[in-house]
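Peer 1: Sequences listed follow chains Z and V, in order. Just so it is clear: in the first sequence, position 198 is 226 by the numbering used here, and no numbers are missing. Just so it is clear: in the second sequence, position 88 is 162 by the numbering used here, and no numbers are missing.
Just so you know, the hints here were simulated from the structure itself, not pulled from any lab data. Check the hints yourself; a few may be wrong.
Straight-line alpha carbon distances no greater than 25 angstroms define the calculated DSS-like cross-link-like pairs of lysine-lysine that follow [unchecked claim]: (1) Z:Lys116 - Z:Lys30; (2) V:Lys313 - Z:Lys113; (3) Z:Lys116 - V:Lys141; (4) V:Lys90 - Z:Lys116.
Here are a few chain V residues that sit away from chain Z, every Cβ distance over 10 angstroms (derived from the structure) [said to hold, decoys possible]: (5) Phe100; (6) Pro164; (7) Arg182; (8) Glu239.
Every residue gets a Cβ at the ideal spot worked out from N, C-alpha and C, and that includes glycine.
Each chain, letter by letter, is given below.
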Amino acid sequence: MKSFGAVCKMELKLFMRDFFSFFFALVFPVAMLLLFGSIFGNAPVSDGAEVRMMDICVPAYCVMVTGVTGLMSLPLTLAGYKERKIYKRFDATPVGKRAVMLAQVLANLLMTLAGILILLAAGRLIYRIEMKGGFLPVFLCILLSTAAMFSMGFLFTAVGRDMKGTTLLCYFFYFIMLFLSGATMPDMLFPDSVKKISAFLPMTYAVDLMQGVSGGDSLGSHGTELLVLGAVTVVCTVVGAGFYRRKDWA
Amino acid sequence: MSQTVVLVEKLNLSYKSLHAVQDVSFSVEAGEILAVIGQNGSGKTSTVECIEGLRKPDSGWIRVFGKDPWRHRGEVYREMGVQLQEAEYPLKIRVEELCRVYASFYERPADWNLLLTQMGLDHKRKTPVHKLSGGERQRLTVLLALMGLPKLLILDELTTGLDPEARQNMWISLGKIRESGVAVIMVSHYLDEVEALADKILYLERGKQQFFGTVQGFREYAKSRIPCEKRKEAISLEKLYLMIAPKTTGLTMEGIV
Numbered sequence: 029m030k031s032f033g034a035v036c037k038m039e040l041k042l043f044m045r046d047f048f049s050f051f052f053a054l055v056f057p058v059a060m061l062l063l064f065g066s067i068f069g070n071a072p073v074s075d076g077a078e079v080r081m082m083d084i085c086v087p088a089y090c091v092m093v094t095g096v097t098g099l100m101s102l103p104l105t106l107a108g109y110k111e112r113k114i115y116k117r118f119d120a121t122p123v124g125k126r127a128v129m130l131a132q133v134l135a136n137l138l139m140t141l142a143g144i145l146i147l148l149a150a151g152r153l154i155y156r157i158e159m160k161g162g163f164l165p166v167f168l169c170i171l172l173s174t175a176a177m178f179s180m181g182f183l184f185t186a187v188g189r190d191m192k193g194t195t196l197l198c199y200f201f202y203f204i205m206l207f208l209s210g211a212t213m214p215d216m217l218f219p220d221s222v223k224k225i226s227a228f229l230p231m232t233y234a235v236d237l238m239q240g241v242s243g244g245d246s247l248g249s250h251g252t253e254l255l256v257l258g259a260v261t262v263v264c265t266v267v268g269a270g271f272y273r274r275k276d277w278a
Numbered sequence: 075m076s077q078t079v080v081l082v083e084k085l086n087l088s089y090k091s092l093h094a095v096q097d098v099s100f101s102v103e104a105g106e107i108l109a110v111i112g113q114n115g116s117g118k119t120s121t122v123e124c125i126e127g128l129r130k131p132d133s134g135w136i137r138v139f140g141k142d143p144w145r146h147r148g149e150v151y152r153e154m155g156v157q158l159q160e161a162e163y164p165l166k167i168r169v170e171e172l173c174r175v176y177a178s179f180y181e182r183p184a185d186w187n188l189l190l191t192q193m194g195l196d197h198k199r200k201t202p203v204h205k206l207s208g209g210e211r212q213r214l215t216v217l218l219a220l221m222g223l224p225k226l227l228i229l230d231e232l233t234t235g236l237d238p239e240a241r242q243n244m245w246i247s248l249g250k251i252r253e254s255g256v257a258v259i260m261v262s263h264y265l266d267e268v269e270a271l272a273d274k275i276l277y278l279e280r281g282k283q284q285f286f287g288t289v290q291g292f293r294e295y296a297k298s299r300i301p302c303e304k305r306k307e308a309i310s311l312e313k314l315y316l317m318i319a320p321k322t323t324g325l326t327m328e329g330i331v
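Sequences are here, hints too, so could you generate the full structure?
Peer 2: This is the structure in structure tokens:
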């Protein structure tokens with residue numbers, strides 16, 4: 029336990045030292061909030077509606093944070109450790125690679141929650157955004173979205189033959205999902221043709237779920253989203269683990 | 075009364091079509107240094123990686139402290155320190171941070187502040203590991219292998235990248251480590267190092283075990299393989315080794331000049 033704690037601490041430190049991870053998980057979402065806030069101000073989503081644009085932007089940016097850690101930081105760290113045989117190095121100690129990988133998942137989860145917390149605090153302070161949904165349902169949605177993104181990233185590290193392969197997969201899916209799922213731009217602005225693509229992206233379901241539940245919907249009214257995200261998590265994790273088991277990745 | 079630390083019997087390991095290790099058997103006692111020698115690709119690293127529990131043998135029997143290192147990796151590593159031939163560390167981690175993490179792996183870790191001084195790395199504490207020179211990194215990997223005060227130390231190319239002075243110091247340290255009763259397995263290409271340090275030799279050729287025994291025994295074995303008239307020339311271990319090792323075509327100057 030002492031050693032696992034030390035490895036977690038090391039991974040957290042390394043996360044903070046990686047400019048990309050630090051900036052895009054902790055700073056960039058707040059910058060987006062300020063940018064879109066300056067555009068929309070307190071405008072409602074449509075004429076006469078009670079919900080403001082900013083009320084749906086904040087939950088969407090929360091999903092963006094899970095995308096940054098799950099589809100970029102985590103998989104790129106894993107792929108780097110694999111390629112540079114750092115896991116093998118830890119396998120030649122009492123801790124072993126599985127504990128290190130678990131510490132990396134945990135460190136990224138903590139940073140995801142930190143990023144979301146900063147975002148929500150900024151949203152409340154600057155735009156007085158109040159979550160209508162309860163803490164627990166919203167927290168569960170964050171965890172489920174994170175699990176889905178992390179497992180996709182994990183699958184990319186398993187499928188990618190090397191660092192380059194994994195990087196390509198990560199960048200491709202991260203940017204497609206970032207822009208076409210509604211995580212940055214509200215999906216109500218999309219034309220129908222783009223919405224058809226969005227329906228195939230797991231992140232779209234995470235955004236819909238977060239927006240709905242933080243707006244006060246019950247979890248039960250978002251069965252489809254819960255099902256899709258749960259299925260993505262299970263399938264990607266199982267398939268990814270299968271790839272790892274078959275390959276010699278020491 | 076000597077105590078057997080490592081026991082290997084009829085070890086076999088293949089990578090796809092390559093039979094990397096074939097029927098290798100040997101043992102290492104406490105307070106003994108075993109040198110594993112042979113050309114590149116002769117199966118040295120594959121053999122030690124099986125002992126390190128990093129590779130699963132196809133067949134054979136390995137016991138480290140009486141335990142199977144593949145199945146009881148965690149337990150075996152409490153008393154085994156390993157320096158890998160190629161090892162990298164996370165980017166941007168600093169020397170002392172890495173030491174602290176490694177120290178947390180063991181119940182009674184070594185005094186790593188003292189080790190840093192002894193290894194001449196004291197002034198590099200705050201340096202990121204990836205900015206160390208080759209020799210400094212090599213010394214750090216040896217330091218980390220010693221962190222758990224191991225009873226078995228496995229060193230894969232211990233002195234590669236070290237300057238002559240550092241090499242000499244490493245030899246002296248290794249001698250002291252042996253005196254304290256630690257069993258050492260070292261993979262080496264430097265026959266002078268083997269001659270100076272090793273008690274026993276395991277010699278491999280293309281994955282096959284050619285010899286296992288004392289250093290003196292190896293001399294006799296090697297002499298028996300070379301013609302009588304050449305035996306007088308073979309004074310050093312290195313000369314002997316070069317005479318029996320499979321010939322590879324050296325670089326000829328044709329095509330260059």
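Peer 1: Each hint should be assessed against the structure and marked as holding or not.
Peer 2: The hints, checked one at a time:
no.: 1; hint: Z:Lys116 - Z:Lys30; verdict: holds (21 angstroms)
no.: 2; hint: V:Lys313 - Z:Lys113; verdict: violated (36 angstroms)
no.: 3; hint: Z:Lys116 - V:Lys141; verdict: holds (21 angstroms)
no.: 4; hint: V:Lys90 - Z:Lys116; verdict: holds (20 angstroms)
no.: 5; hint: Phe100; verdict: holds (20 angstroms)
no.: 6; hint: Pro164; verdict: violated (6 angstroms)
no.: 7; hint: Arg182; verdict: holds (12 angstroms)
no.: 8; hint: Glu239; verdict: holds (27 angstroms)
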